[in-house]
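The chain contents come next:
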Amino acid sequence: MKLALYFTFPYPSLERFGKYMEIISDVKFEYAELGIPTKYPYYDGPQIRKTHGVALKEFSMESLGKQVSILKSQGKKVYALAYCNLFSENPGEFMEKLSAAGIDGIILPDLLTDFYHERKEIIHSVHDHGLEAIPFFNASTPDHSIEEILSITHSWIYFGLQPSTGIKVPLRIDEMYKRIRSLCGSREIIVGFGIDGPEMISELKTAGFDGIAVGSAFIRSMDEDNISAFEKQAKMLEAETHGK
Amino acid sequence: MYKYNHFIPLSVYNINNVEIIPEYWYNIVPDLPEPLAPPRDHDPLNSSLDLLNRILPAEVLRQEFTSSRHVRIPEEVMEQYAQIGRPTPLIRAVNLEKFLGFNGKIFFKYEGATVTGSHKINAAVPQAFYAAIEGIKEVATETGAGQWGTATALAASLNNIKSKVFMVSVSFMQKPLRKKIMEIYGGEVVSSPSNLTDFGRAMLKEDPSHPGSLGIAISEAVQYTLDRGIRYLMGSVENSVITYQSIIGQEASKQLEILGEEPDVLIGCVGGGSNFSGFVFPFMKSKVEMIATAASEVPKFSKGKYKYDLVDTAGILPQLKMISLGADYVPPPIYSGGLRYHGAAPALSMLVNNGRIKTDEVGEDASREAMQVFARTQGIVPAPESAHAIATAINYCRNPANSGKTVVLNVSGHGLLDLSIFGE
Ligand SMILES: Cc1ncc(COP(=O)(O)O)c(C=O)c1O
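Top to bottom, those sequences are chains C and U.
Convert by adding 2 to the 1-based position in the first sequence; the result is the number in our numbering.
Convert by adding 10 to the 1-based position in the second sequence; the result is the number in our numbering.
Same shape as in the complex, but just chain C:
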């Protein structure tokens, strides 16, 4: 099973962000997702929402570029998680910058809700700049919207289990899997939002998901600057996804 690790960049500070990246440099994971901070991270829970406010202070495209090249030198694919409200005026310019920073692709959590009417234009702009557009779906995405977006993208799929990050609404995982798999065929599906312990990961694996994305679970140890807890969390995720 693949592992994607999410971090809002650069939370809690540029310096400490670099330190955490060093710790995970010997952890096996496939995708790094870097959250581009915004004032309005609507679909994130309180924990990640807070990281956006902090990360805004030191964010710059240059420092992002540096971090991306380090991660890529370790063989990771690097994706940006960005809200469309960051570039609603000018997607082209934003994509250009991400592309120059070495980003492989972009996940847009609000594309199909707040920017539904601009969806095709934005996806074209992503592709025009040589980036992969990663479809983001959740339980409320209608069938025909999923089908349409799949037909104009080529990459893996990010499926949000919960209505927002860090929230735990009761779920029926097998039911959710069946629906999304029947719509997505053999495309790779990475699930995220609200994933924490080994039990849930093994349930997701058994259901048939191809990978997991984890973010909120790291924030507590980052807040406490508890390096060993951070490392332990990463190692646990590695073990659960890649075998012990």
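Be aware that a few hints might be false.
[Said to hold, decoys possible] Computed cross-link-like contacts, BS3-like style, restricted to lysine-lysine with a CA-CA straight-line distance of at most 30 Å:
{"#": "1", "chain 1": "C", "residue 1": "K41", "chain 2": "U", "residue 2": "K172"}
{"#": "2", "chain 1": "U", "residue 1": "K264", "chain 2": "C", "residue 2": "K180"}
{"#": "3", "chain 1": "C", "residue 1": "K170", "chain 2": "U", "residue 2": "K172"}
{"#": "4", "chain 1": "C", "residue 1": "K78", "chain 2": "C", "residue 2": "K52"}
{"#": "5", "chain 1": "U", "residue 1": "K315", "chain 2": "C", "residue 2": "K122"}
[As the list claims (entries may be wrong)] Pair ranges (Cβ atoms, derived):
{"#": "6", "chain 1": "U", "residue 1": "A92", "chain 2": "C", "residue 2": "E150", "range": "52 to 62 Å"}
{"#": "7", "chain 1": "C", "residue 1": "G187", "chain 2": "U", "residue 2": "N409", "range": "43 to 53 Å"}
{"#": "8", "chain 1": "U", "residue 1": "G196", "chain 2": "C", "residue 2": "K122", "range": "53 to 63 Å"}
{"#": "9", "chain 1": "U", "residue 1": "K315", "chain 2": "C", "residue 2": "S75", "range": "23 to 33 Å"}
These are computed hints drawn from the structure, not numbers from a lab.
Where a beta carbon is used, it is the ideal one built from N, C-alpha and C, also for glycine.
Based on the hints, put chain U with the ligand in the right spot on chain C.
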């Protein structure tokens, strides 16, 4: 001259056939034309979404966000549905047709035939059932007209749990019989704003004779739920409620099919949107015209905005993207308490906003008149809320452009406890 043929009245299709009750509730979300905007937190530091775990029965919360199109109805709920009068009849309003000189057909689905007298019991039964099997001993809710509170009181008793109902102050005063029937069913009723919650106390301090609003009563019921560690039952607006109410439209669709009828138009009234959406959503794949009627005094369709807004005035629940007059809107004290809500269900709002569902607004006088017409022609005193839809249907049938059409109307409740609308 009398006719003496072997005669099957063409006016009535109300055989008590339990096979008319569907096995699944229908959730429209996967079939919507656009993705439904998700509920959103408005407080940057706390998660009102996560708080839902302490407010709703777990299974209800799961269904609120489910991706499944069909949600199986538990056997126990089926049994309770049969006990409370499902399936409800679909009746051809032959006398109303004659009265209007209408040369098409008018059918009405009669939700007033349930034991509590409205569609509200359809959503109360499953929520009380799920709460009870999760070990909850008491539930709380709000009520405007009194219909939802009545349904909650009975559903709680059917599932052996207690219920607390916060009743909007103006209705509490207008409708003493409503309070009585809730008590007979086993509910405890308080006028809202009340002094049982911080929010209610604050409102009363501002205005000791505050008329209340559904938004305030919801806030109180939710706060009381959190304070006491019980669970809250939702009467309308939320997606799971719309899903439970889909039983109305699914039954109507089967009944029309048995009769070999194809509707040209579906008409219903909108408070929070539950009876209307439950009635029309199962027909969404067909081309049938749909008209939602609100009260002119609470003009959400003509004056409301489609935007994220609070569900409850206190802002405890997550915000929803819906057509809304604003959560702090205090509606005038019209009799149709069920139509006094400031917003409308998100899926319904989306379909109104994109033009799939048409709208109408009807005033209290026109609705009172429609109540009388319906009573004198069909013998049923409809709820004043339902009478708004009847008024729309009457206007529709009077328009020559609609001659020959098949009109299907949802009469969401009876008005036998609302007779004070006609004066002392
Ligand atoms: C008889 C009746 N009809 C309609 C309504 C409006 O609510 P909704 O739009 O959720 O069906 C109510 C609400 O109290 C009601 O009692």
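Evaluation of the provided hints:
no.: 1; hint: K41(C) x K172(U); verdict: violated, 44 Å
no.: 2; hint: K264(U) x K180(C); verdict: holds, 28 Å
no.: 3; hint: K170(C) x K172(U); verdict: holds, 27 Å
no.: 4; hint: K78(C) x K52(C); verdict: holds, 26 Å
no.: 5; hint: K315(U) x K122(C); verdict: holds, 26 Å
no.: 6; hint: A92(U) x E150(C): 52 to 62 Å; verdict: violated, 42 Å
no.: 7; hint: G187(C) x N409(U): 43 to 53 Å; verdict: holds, 49 Å
no.: 8; hint: G196(U) x K122(C): 53 to 63 Å; verdict: holds, 55 Å
no.: 9; hint: K315(U) x S75(C): 23 to 33 Å; verdict: violated, 50 Å
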